[in-house]
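When you get a sec, could you build the whole thing from the sequences and use the hints?
These protein sequence lines map, in sequence, to chains X and Y.
Counting from 0, one number per residue, gives the positions in the first sequence under numbering that gives the first Met the number 0.
Counting from 0, one number per residue, gives the positions in the second sequence under numbering that gives the first Met the number 0.
Calculated directly from the structure, the hints in this document are not laboratory data.
Keep in mind the model is a prediction, meaning the values are calculated, not measured.
From the three backbone atoms N, C-alpha and C, an ideal C-beta is built for every residue, glycine too.
Treat the hints with care, as some may be off.
[Said to hold, decoys possible] Derived coverage of chain X by chain Y (criterion: at least 3 residues anywhere in the stretch with Cβ under 8 Å from a Cβ of chain Y; other residues may be distant):
hint: 1; stretch: 51-62
hint: 2; stretch: 97-105
hint: 3; stretch: 286-295
[As the list claims (entries may be wrong)] Over the 10 Å line for every Cβ pair with chain X, so calculated as not near, a few chain Y residues:
hint: 4; residue: Q23
hint: 5; residue: V57
hint: 6; residue: R90
hint: 7; residue: G214
hint: 8; residue: E239
hint: 9; residue: D382
[Stated by the list, open to error] Computed cross-link-like contacts, DMTMM-like style, restricted to lysine to aspartate or glutamate with a CA-CA straight-line distance of at most 20 Å:
hint: 10; chain 1: Y; residue 1: K108; chain 2: Y; residue 2: E269
hint: 11; chain 1: X; residue 1: K303; chain 2: X; residue 2: E125
hint: 12; chain 1: Y; residue 1: K108; chain 2: X; residue 2: E304
hint: 13; chain 1: X; residue 1: K64; chain 2: Y; residue 2: E24
hint: 14; chain 1: X; residue 1: K64; chain 2: Y; residue 2: D38
hint: 15; chain 1: Y; residue 1: K305; chain 2: Y; residue 2: E283
hint: 16; chain 1: Y; residue 1: K127; chain 2: Y; residue 2: D256
hint: 17; chain 1: Y; residue 1: K305; chain 2: Y; residue 2: E75
hint: 18; chain 1: X; residue 1: K64; chain 2: Y; residue 2: E37
hint: 19; chain 1: X; residue 1: K287; chain 2: X; residue 2: E304
hint: 20; chain 1: Y; residue 1: K194; chain 2: Y; residue 2: D319
hint: 21; chain 1: Y; residue 1: K127; chain 2: Y; residue 2: D159
hint: 22; chain 1: Y; residue 1: K108; chain 2: Y; residue 2: D159
hint: 23; chain 1: X; residue 1: K64; chain 2: Y; residue 2: D56
hint: 24; chain 1: X; residue 1: K287; chain 2: X; residue 2: E254
hint: 25; chain 1: Y; residue 1: K305; chain 2: Y; residue 2: E269
hint: 26; chain 1: X; residue 1: K64; chain 2: Y; residue 2: E9
hint: 27; chain 1: X; residue 1: K303; chain 2: X; residue 2: E254
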Amino acid sequence: MPDRSRDLERLADLLVGFGANVQPGQIVAITAYHEMAEAARAVARASYRHGARYVDVFWWDMLVKRARLELAEAETLEYVPPWIGERLRWLGEEGAARIALTGSDSTIFDGVDPSRMGRDLLPYVEEVPVLVNERTTNWTIGPCPNPDWAQRVHPDLEPADALERLWEEIVHVCRLDSNDPVAAWRERMRAIVASADQMSERRFDAIHLSGPGTDLTVGLLPSHRWLGADFTTVDGRTHYPNIPTEEIFTTPDPERVDGQVSATMPLEVYGSVMSGIRIAFEGGRATKVEADEGAEALRSIVAKEGADRLGEIALVDGEGRIGPLGTVFYETLLDENAASHIALGNAYTFPLEDETDQARANRSAVHVDFMIGSPQVDVDGITTDGDRVPVLRGGSWQI
Amino acid sequence: MNGAGLTEAERFAELVVEVGANVQEGQDVELLAHFGTEDAVRAVAGAAYRRGARYVDVWWWDALVKRERLLHARPETLNYVPPEPGARLLRLGEERGCRVWIVGNPHPKALEGIDPERASRDLLPRLKESTEVVMAQTTNWCIASWPTRGWAEQVFPDLDPDAAFERLRRELAHVTRLDEADPAAAWRARVAELKAAAAKLNERRFDALRFLGPGTDLTVGLFRSSMWRAGSFERVDGVESVVNLPTEEVFTTPDPDRVDGVVRSTKPLEYAGSLIEGITVRFEGGRAVELDATTNADVFRAIAAKDEGAARLGEVALVDGSGRIDALGTVFWNTLLDENAASHIALGGSYDFVVEDEAERARANQSQIHVDFMIGSPEVVVDGLSEDGETVPVLRRGVWQI
Numbered sequence: 000m001p002d003r004s005r006d007l008e009r010l011a012d013l014l015v016g017f018g019a020n021v022q023p024g025q026i027v028a029i030t031a032y033h034e035m036a037e038a039a040r041a042v043a044r045a046s047y048r049h050g051a052r053y054v055d056v057f058w059w060d061m062l063v064k065r066a067r068l069e070l071a072e073a074e075t076l077e078y079v080p081p082w083i084g085e086r087l088r089w090l091g092e093e094g095a096a097r098i099a100l101t102g103s104d105s106t107i108f109d110g111v112d113p114s115r116m117g118r119d120l121l122p123y124v125e126e127v128p129v130l131v132n133e134r135t136t137n138w139t140i141g142p143c144p145n146p147d148w149a150q151r152v153h154p155d156l157e158p159a160d161a162l163e164r165l166w167e168e169i170v171h172v173c174r175l176d177s178n179d180p181v182a183a184w185r186e187r188m189r190a191i192v193a194s195a196d197q198m199s200e201r202r203f204d205a206i207h208l209s210g211p212g213t214d215l216t217v218g219l220l221p222s223h224r225w226l227g228a229d230f231t232t233v234d235g236r237t238h239y240p241n242i243p244t245e246e247i248f249t250t251p252d253p254e255r256v257d258g259q260v261s262a263t264m265p266l267e268v269y270g271s272v273m274s275g276i277r278i279a280f281e282g283g284r285a286t287k288v289e290a291d292e293g294a295e296a297l298r299s300i301v302a303k304e305g306a307d308r309l310g311e312i313a314l315v316d317g318e319g320r321i322g323p324l325g326t327v328f329y330e331t332l333l334d335e336n337a338a339s340h341i342a343l344g345n346a347y348t349f350p351l352e353d354e355t356d357q358a359r360a361n362r363s364a365v366h367v368d369f370m371i372g373s374p375q376v377d378v379d380g381i382t383t384d385g386d387r388v389p390v391l392r393g394g395s396w397q398i
Numbered sequence: 000m001n002g003a004g005l006t007e008a009e010r011f012a013e014l015v016v017e018v019g020a021n022v023q024e025g026q027d028v029e030l031l032a033h034f035g036t037e038d039a040v041r042a043v044a045g046a047a048y049r050r051g052a053r054y055v056d057v058w059w060w061d062a063l064v065k066r067e068r069l070l071h072a073r074p075e076t077l078n079y080v081p082p083e084p085g086a087r088l089l090r091l092g093e094e095r096g097c098r099v100w101i102v103g104n105p106h107p108k109a110l111e112g113i114d115p116e117r118a119s120r121d122l123l124p125r126l127k128e129s130t131e132v133v134m135a136q137t138t139n140w141c142i143a144s145w146p147t148r149g150w151a152e153q154v155f156p157d158l159d160p161d162a163a164f165e166r167l168r169r170e171l172a173h174v175t176r177l178d179e180a181d182p183a184a185a186w187r188a189r190v191a192e193l194k195a196a197a198a199k200l201n202e203r204r205f206d207a208l209r210f211l212g213p214g215t216d217l218t219v220g221l222f223r224s225s226m227w228r229a230g231s232f233e234r235v236d237g238v239e240s241v242v243n244l245p246t247e248e249v250f251t252t253p254d255p256d257r258v259d260g261v262v263r264s265t266k267p268l269e270y271a272g273s274l275i276e277g278i279t280v281r282f283e284g285g286r287a288v289e290l291d292a293t294t295n296a297d298v299f300r301a302i303a304a305k306d307e308g309a310a311r312l313g314e315v316a317l318v319d320g321s322g323r324i325d326a327l328g329t330v331f332w333n334t335l336l337d338e339n340a341a342s343h344i345a346l347g348g349s350y351d352f353v354v355e356d357e358a359e360r361a362r363a364n365q366s367q368i369h370v371d372f373m374i375g376s377p378e379v380v381v382d383g384l385s386e387d388g389e390t391v392p393v394l395r396r397g398v399w400q401i
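Structure representation (structure tokens):
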């Protein structure tokens with residue numbers, strides 16, 4: 000098995016120097032699964048080299064969580080230790096940098112009673128979205144190859160080969176195979192932001208998607224803007240919340256979605272795999288939900304308040320590196336950047352400039368992205384005059 | 000070693016949770032653990048949940064992340080301690096929570112090549128709040144040891160790595176009495192023996208102890224109301240825990256103003272990742288006025304300079320030869336085990352609750368540190384000095400004389 004320590008260093012440097020954009024003197028909080036020790040140490044090293052004041056690692060051990068899910072008294076499962084939220088508030092007050100490493104094998108919870116699982120959402124705590132909205136921390140999420148995740152993604156390969164394949168894919172999609180990954184990302188982000196700006200200037204009234212099993216119109220709100228995933232903190236630190244990122248996204252009108260759509264990739268939500276998803280929308284509402292696999296689980300999610308309407312539409316062009324691999328990573332960070340997608344459930348309000356539009360954005364406790372784009376799916380913009388303007392053809396921008 | 004179908008980790012976990020920490024129904028358990036002790040950590044978490052714990056909070060500690068800090072962070076930042084772990088401990092105390100610390104440093108060389116002055120500035124994962132919580136007796140707690148490969152190579156450098164791990168595993172199982180059919184019963188019996196020795200020392204009410212051996216001639220004054228204690232601690236509300244597994248010591252709190260003479264350590268000391276060997280200290284009127292060591296003397300002096308109380312004694316403990324640790328002849332490079340191998344003294348904070356008289360308790364030593372180092376061996380004679388000047392043999396070649 001090839002030595003990946005150099006790639007790990009490059010990945011860590013990318014997350015620290017570009018993704019989170021760690022500043023001298025900052026506290027850096029790392030979230031890592033227990034099996035990601037080497038990667039967390041590499042990120043700590045890179046952070047200190049960038050002048051971090053202190054690197055605080057929040058380790059999460061799925062097997063300790065599994066012990067709780069199996070053995071703890073049912074009425075204690077909703078208990079959340081207060082320090083986890085207090086630590087996040089401390090990070091906000093400190094104006095800290097945050098780096099999360101993802102890539103886990105959710106089959107670790109196979110056989111656990113789903114009703115018990117639903118009561119313990121740790122390590123997720125309600126302070127996370129609060130912190131994101133306050134924009135006090137510069138943060139990023141990046142993938143971390145590890146044997147368990149590799150086996151989940153490539154179950155037909157021997158463990159060593161699966162890990163090696165996953166590493167090859169991560170190196171490629173994170174552009175670590177460029178001479179200067181940071182320069183490669185700056186260039187890619189310029190292109191993404193330029194596409195977003197062009198789309199924003201058009202002020203389309205709606206987006207229309209057509210392809211095999213898909214004929215869907217998604218209405219947009221008058222003051223919508225398309226954004227790339229580059230964020231800025233309240234005090235002006237730029238950061239890139241997702242490495243890799245390939246999407247431009249906006250918040251749709253939750254009342255004006257009509258037609259039918261077929262997912263182009265399987266997805267995993269709360270431990271359930273769903274494939275062959277087909278949804279019909281009328282007046283914004285998902286009126287018919289079908290799937291070849293996981294239909295019941297999907298319907299139970301759609302039944303939650305606000306989860307039957309759209310909170311996001313995102314476009315990914317063919318220059319993105321994830322989609323062409325054809326790999327399902329069972330990890331939203333990667334899978335949602337593989338193809339154009341829509342999300343059922345909660346919306347970001349910041350892509351909407353008017354308060355009246357913001358008030359109309361969809362609200363829900365859930366946010367489930369699913370992929371609906373492919374080179375076979377044409378994307379058009381529809382103007383307020385009803386004109387149809389090509390946006391994506393065969394995965395290439397037309398605007 | 001399988002008994003009743005349980006793995007060794009599960010037997011260890013049962014012992015730690017039931018006899019050691021004595022986890023109570025509905026409690027939160029904070030578990031501090033090193034990477035490399037996963038089997039034990041997950042088994043302890045499971046055993047605690049079976050006993051009705053509300054939440055088991057594992058604070059994983061990675062010595063290699065700390066190494067990155069000591070190598071690369073700016074010097075002026077090394078004293079920084081994040082506020083959250085300390086606040087979490089104090090809250091755990093307020094809520095009468097439980098603490099378990101599994102020791103078994105898998106990376107004993109994590110601080111190799113680090114400037115000792117830098118190393119002495121960062122004592123994490125030690126926190127001043129953990130001393131506060133111990134002194135306030137607000138938690139039931141236990142420190143127990145579990146083998147890791149890195150630790151095994153440190154303890155048995157001449158064996159090949161597999162043999163070293165197997166030897167350490169066997170020795171820890173022996174000293175933790177997991178090789179007994181009923182480890183819990185074995186510990187209850189041993190704790191009773193230790194408490195009996197403490198009771199005899201308490202009857203004598205010695206004014207001072209004198210240690211005499213190679214490089215050592217030290218007199219340690221005791222308070223009139225210093226009580227000898229052993230085996231288990233009680234939380235303020237009476238919940239009992241055997242705070243060290245293994246435990247072999249009988250200890251009390253000395254008079255911090257009446258310690259005189261010279262002392263030489265008989266075993267190495269591991270402190271926050273640094274190994275300190277060949278310690279010599281001269282005390283005058285209770286204060287350590289000369290401190291030296293053959294390795295990491297700077298770290299040792301920095302410890303004693305941490306605050307006013309760090310240069311005075313907070314504990315004196317006697318260990319007889321019937322314990323299981325010293326008989327192995329192994330240096331574990333780990334205070335939990337090594338301090339239970341031999342009589343020892345500690346610089347820094349004291350367990351003031353073992354001093355009965357209030358006026359004397361107010362004089363017990365205070366410090367944010369508590370560092371034990373070993374001064375006993377079969378060659379070191381221990382005598383008790385009574386108030387009227389009589390000298391009474393206490394330990395001779397490791398055997399109680401009282």
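Each hint, compared with the structure:
Residues of the stretch 51-62 of chain X with a Cβ under 8 Å from some Cβ of chain Y number 9, which satisfies the need for three, so the listed coverage holds. Only residues whose beta carbon comes within less than 8 Å of a beta carbon in chain Y count, and the stretch 97-105 of chain X has 0; fewer than three means the coverage is violated. Interface restraint, the stretch 286-295 of chain X with chain Y: violated (0 residues with C-beta to C-beta distance below 8 Å; minimum three). Annotated as non-interface, Y/Q23 keeps its C-beta farther than 10 Å from every C-beta of chain X; the closest such distance is 13 Å.
The Cβ of Y/V57 sits about 5 Å from the closest Cβ of chain X, inside the 10 Å cut-off, so the non-interface label is violated. Not every CB of chain X is more than 10 Å from the CB of Y/R90 (nearest about 7 Å), against its label as outside the interface. Against the 10 Å criterion, Y/G214 stays outside the reach of chain X, whose nearest CB is about 41 Å from its own CB. Listed as a non-interface residue, Y/E239 keeps its Cβ farther than 10 Å from every Cβ of chain X; the least gap is roughly 24 Å.
With a least beta-carbon separation of about 49 Å from chain X, Y/D382 lies farther than 10 Å from that chain, consistent with its non-interface assignment. The straight-line distance between the Cα atoms of Y/K108 and Y/E269 is roughly 11 Å, inside the 20 Å bound, and the hint therefore holds. Between the alpha carbons of X/K303 and X/E125 the distance comes to roughly 18 Å, so the proposed pair stays at or under 20 Å and holds. For the proposed pair Y/K108 and X/E304, the alpha carbon gap of about 55 Å is over 20 Å, so the pair is violated.
In summary, the hint linking X/K64 to Y/E24 is supported, as the alpha carbons are separated by about 19 Å, within the 20 Å threshold. With a C-alpha separation of about 14 Å, the suggested pair X/K64 and Y/D38 falls inside the 20 Å cut-off, and the hint holds. Among the hinted pairs, Y/K305 with Y/E283 is consistent with the structure: their alpha-carbon atoms are about 19 Å apart, no more than 20 Å. Annotation: proposed proximity of Y/K127 to Y/D256 is violated, straight-line Cα distance about 23 Å (limit 20 Å).
The hinted pair formed by Y/K305 and Y/E75 meets the criterion: a straight-line CA distance of about 17 Å does not exceed 20 Å. Distance hint between X/K64 and Y/E37 is fulfilled; the C-alpha atoms sit about 13 Å from each other, no more than 20 Å. Proposed proximity of X/K287 and X/E304 is supported: the alpha carbons are some 16 Å apart, at most 20 Å. For the given pair, Y/K194 sits about 13 Å from Y/D319 by alpha-carbon distance, which is consistent with the 20 Å threshold.
With a CA separation close to 39 Å, the supplied pair Y/K127 and Y/D159 exceeds the 20 Å bound. A distance of roughly 17 Å separates the Cα atoms of Y/K108 and Y/D159; the hinted pair therefore holds under the 20 Å criterion. For the proposed pair X/K64 and Y/D56, the alpha carbon gap of about 10 Å is at most 20 Å, so the pair holds. Distance hint between X/K287 and X/E254 is fulfilled; the C-alpha atoms sit about 16 Å from each other, no more than 20 Å.
Annotation: proposed proximity of Y/K305 to Y/E269 holds, straight-line Cα distance about 17 Å (limit 20 Å). Annotation: proposed proximity of X/K64 to Y/E9 holds, straight-line Cα distance about 17 Å (limit 20 Å). Restraint check for X/K303 and X/E254: the C-alpha separation of about 17 Å stays at or below 20 Å, so the hint holds.
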